[in-house]
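Asker: One-letter residues, chain by chain:
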Amino acid sequence: MNSQMLLTIVGGIQWTVILTLTSLAIGIVLGAGLCAMRTSGNKALDAIAACLILILRAVPPIIWLFLIFFGIGTGILEITPFQAAAVGLGLITAANMAEIIRGSLSAVHKGQWEAARALSMPAQYRMIDIIAPQLIRVSLPSVATYAIGLLKDTAIASTIGVPEIAFQATHVSQLTFRGLETFAVAGGLYIALSIPVAWASRWADKRMRLKVAR
Amino acid sequence: MVQLLKSVVASGQLKPARQNVLVDIKGLGKDYGDATVLNDINLTVNTGEVIAVIGPSGSGKSTLLRCMNLLDPPTRGILRVGETTIDASQPTTSKQILDLRRPVGMVFQSFNLFPHLTVLRNVSIAQERVLKRNRQQADEISRQLLDRVGLLSKADQYPSRCSGGQQQRIAIARALALEPSLMLFDEPTSALDPELGLEVLGVMKELASQGMTMVVVTHEMHFAESVSDRVLIMADGRIIEGGKSSDVMRNPQSERAQRFLSAVMNR
Numbered sequence: 146m147n148s149q150m151l152l153t154i155v156g157g158i159q160w161t162v163i164l165t166l167t168s169l170a171i172g173i174v175l176g177a178g179l180c181a182m183r184t185s186g187n188k189a190l191d192a193i194a195a196c197l198i199l200i201l202r203a204v205p206p207i208i209w210l211f212l213i214f215f216g217i218g219t220g221i222l223e224i225t226p227f228q229a230a231a232v233g234l235g236l237i238t239a240a241n242m243a244e245i246i247r248g249s250l251s252a253v254h255k256g257q258w259e260a261a262r263a264l265s266m267p268a269q270y271r272m273i274d275i276i277a278p279q280l281i282r283v284s285l286p287s288v289a290t291y292a293i294g295l296l297k298d299t300a301i302a303s304t305i306g307v308p309e310i311a312f313q314a315t316h317v318s319q320l321t322f323r324g325l326e327t328f329a330v331a332g333g334l335y336i337a338l339s340i341p342v343a344w345a346s347r348w349a350d351k352r353m354r355l356k357v358a359r
Numbered sequence: 006m007v008q009l010l011k012s013v014v015a016s017g018q019l020k021p022a023r024q025n026v027l028v029d030i031k032g033l034g035k036d037y038g039d040a041t042v043l044n045d046i047n048l049t050v051n052t053g054e055v056i057a058v059i060g061p062s063g064s065g066k067s068t069l070l071r072c073m074n075l076l077d078p079p080t081r082g083i084l085r086v087g088e089t090t091i092d093a094s095q096p097t098t099s100k101q102i103l104d105l106r107r108p109v110g111m112v113f114q115s116f117n118l119f120p121h122l123t124v125l126r127n128v129s130i131a132q133e134r135v136l137k138r139n140r141q142q143a144d145e146i147s148r149q150l151l152d153r154v155g156l157l158s159k160a161d162q163y164p165s166r167c168s169g170g171q172q173q174r175i176a177i178a179r180a181l182a183l184e185p186s187l188m189l190f191d192e193p194t195s196a197l198d199p200e201l202g203l204e205v206l207g208v209m210k211e212l213a214s215q216g217m218t219m220v221v222v223t224h225e226m227h228f229a230e231s232v233s234d235r236v237l238i239m240a241d242g243r244i245i246e247g248g249k250s251s252d253v254m255r256n257p258q259s260e261r262a263q264r265f266l267s268a269v270m271n272r
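Same order as they appear, the protein sequences are chains A and B.
The numbering of the first sequence is the working numbering, which starts it at 146 and goes up by one.
The numbering of the second sequence is the working numbering, which starts it at 6 and goes up by one.
Derived by calculation from the structure, the hints in this document are not laboratory data.
Ideal Cβ positions, reconstructed from N, Cα and C, are used throughout, including at glycine.
Where hints are given, some of them may not hold.
Said to hold, decoys possible - The following residues of chain A were derived to be distant from chain B, with all beta-carbon distances above 10 Å:
#	residue
1	V155
2	I208
3	D274
As the list claims (entries may be wrong) - Computed footprint of chain A on chain B, listed as stretches where at least three residues anywhere in the stretch have a Cβ under 8 Å from a Cβ of chain A:
#	segment
4	53–65
5	218–231
Isolated chain B, as found in the complex:
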């Protein structure tokens, strides 16, 4: 990892001053009409860090994640991802939006594979349109990625022929195909039964161990505690607690966090 970082810095892809902080969020807020769903969010994500975001339903976890790639544009605050900075008080151009999303991969709760494309084409299409790879190169890389998530044999099938766990692993391969520096996971196992969820968690663990920067919104407490470096607990649109995973999970400070954790752990 250190070796990799050194070579990245040496090649000038990242400015040294920014090499550690990949995502910087300052005073971010989100309103839907009169309802405030996110308020005063401050968060930095370091390169290589795995962050789990937990909290009760409706606490703004998914919205925060979706603000980070502008699927839901924030109402207030400043968001920097890599080299692109968005200020919610200024109008954003579609180029800024595409630039910000470029290094960010996302995996959805409902997979959202493209049903009219084969598994292989699902992974290839964005490589061709965004990275301008030709079809042969893209398909070659897609096959490698599908092999990595254990689904090369499904390459020529349509997504509807795959189980939920397989679809989600394909969705991970699809996001990885654009060589993201940050991966966002929005409750990736919530639509899966526990066994299928395990396949997906396995792929995510491997990704984490390879040094991928990840922000994972999840209800998988074991994953949050054992795989992530840092856990954030959200409630009522705010981050109420954050820190080293074991500390936050075992020894929460605020009453609200204690209440939430005792509800999810002691069942």
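Only chain A is shown next, with the shape it has when bound in the complex:
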């Protein structure tokens, strides 16, 4: 393994990170929307959201990526590999986030909603000032776990040509026929990326818990 090969693989890090963050952002925004539909009390909206979540989660990520990139991306819309991967992984993340947020919502005591209502706070402030901050605290560990899973799942974006870590490693191994070292380096990079996320989430969780603990 020479420095040229190493640099090539390391060059994939930025794409892995950007793809993870973009998919996570798309997932959280759309997931909040799906969760709002599920908890709206409107049966039609609930059914539509439940159905979407089921479909998004039941189909394997790689099929979604192929469907979007080769299906929609050829002919219907001009779409880059990165866009296809971000949309595909973002949609799957949205389905999972919707369920994570819904679970966390039920962990926020209903007295919190009632107190905010009794103070005649308008709906948007009830959410922004009272519920959302508690939701973040409750859901952070699950979201961080999911984010680490997502970081690793971005490797499948290599199959449609996003030049992230796995893509670069495959490229290098094909040039050098030194699969063992190449993919070991790639694996090491994923570990190096995951650990700080886990640490940061544990630190933030502990800090937020400290406030509410007796």
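Given chain A, work out where chain B should sit, using these hints.
Answerer: Using the frame of chain A, we list chain B on its own:
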């Protein structure tokens, strides 16, 4: 008090015809599915009056209180609070709901302070969002209120660092921060041991003596008799007896009320 009322009337905040009756409830009922929990409730609350609502568990006391600020919307009947009237047979808009709640403060059995905000911010947040005070003004008023309930020293703590009695006094300050004309108390001392409950009752007594209109659902019989002007006894979703506190407490007319009072007094 009379002076205050005169100035309020003079400033046109309240129409003279309505100055006395702050809350007017007519034929109010509440169903949960097939179960009727409130039936044919008629009640008026005058400005400055302190009403204690007592009765056995499951008699609908808390539900009545929660209907009065629409935390539980009534199924039947008409509810007027201040200038806002809600007819349960008509759909209500969220503006109507906010308008009705605006002059009503509420204190819960389980305090329901916001755990992620400091004590000071707990009292300030609704002032900023509802009264549109800026943060500095709101915090200033919050400090005065916390001082009034004897908890200024806790301003920068989180609620979890406060005892139950302290949390409930903070919850009272939080409700008072919106300058309510009516305060609803839903068993405010039931989650507290007797000593801590006393701190809370002390604050409530002071509030009553300052002329606050209060409806208090309680199991504190002494408070009901000595502080409130009027006592209502509820059973099976109805008000079965109501009147001057000492009369109702000492000389109940109906058999059901007698049974309840002898159970709570002679123990």
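Asker: So, for every hint listed, does it hold in this structure?
Answerer: Here's how the hints hold up against the structure:
1. V155: V155 of chain A is indeed farther than 10 Å from all Cβ atoms of chain B, at 40 Å.
2. I208: 41 Å, holds
3. D274: The claim is violated: D274 of chain A sits with its nearest Cβ about 6 Å from chain B, within 10 Å.
4. 53–65: Violated, because only 0 residues of the segment 53–65 of chain B bring their Cβ atoms closer than 8 Å to Cβ atoms of chain A.
5. 218–231: Per the Cβ count (0), the hint is violated.
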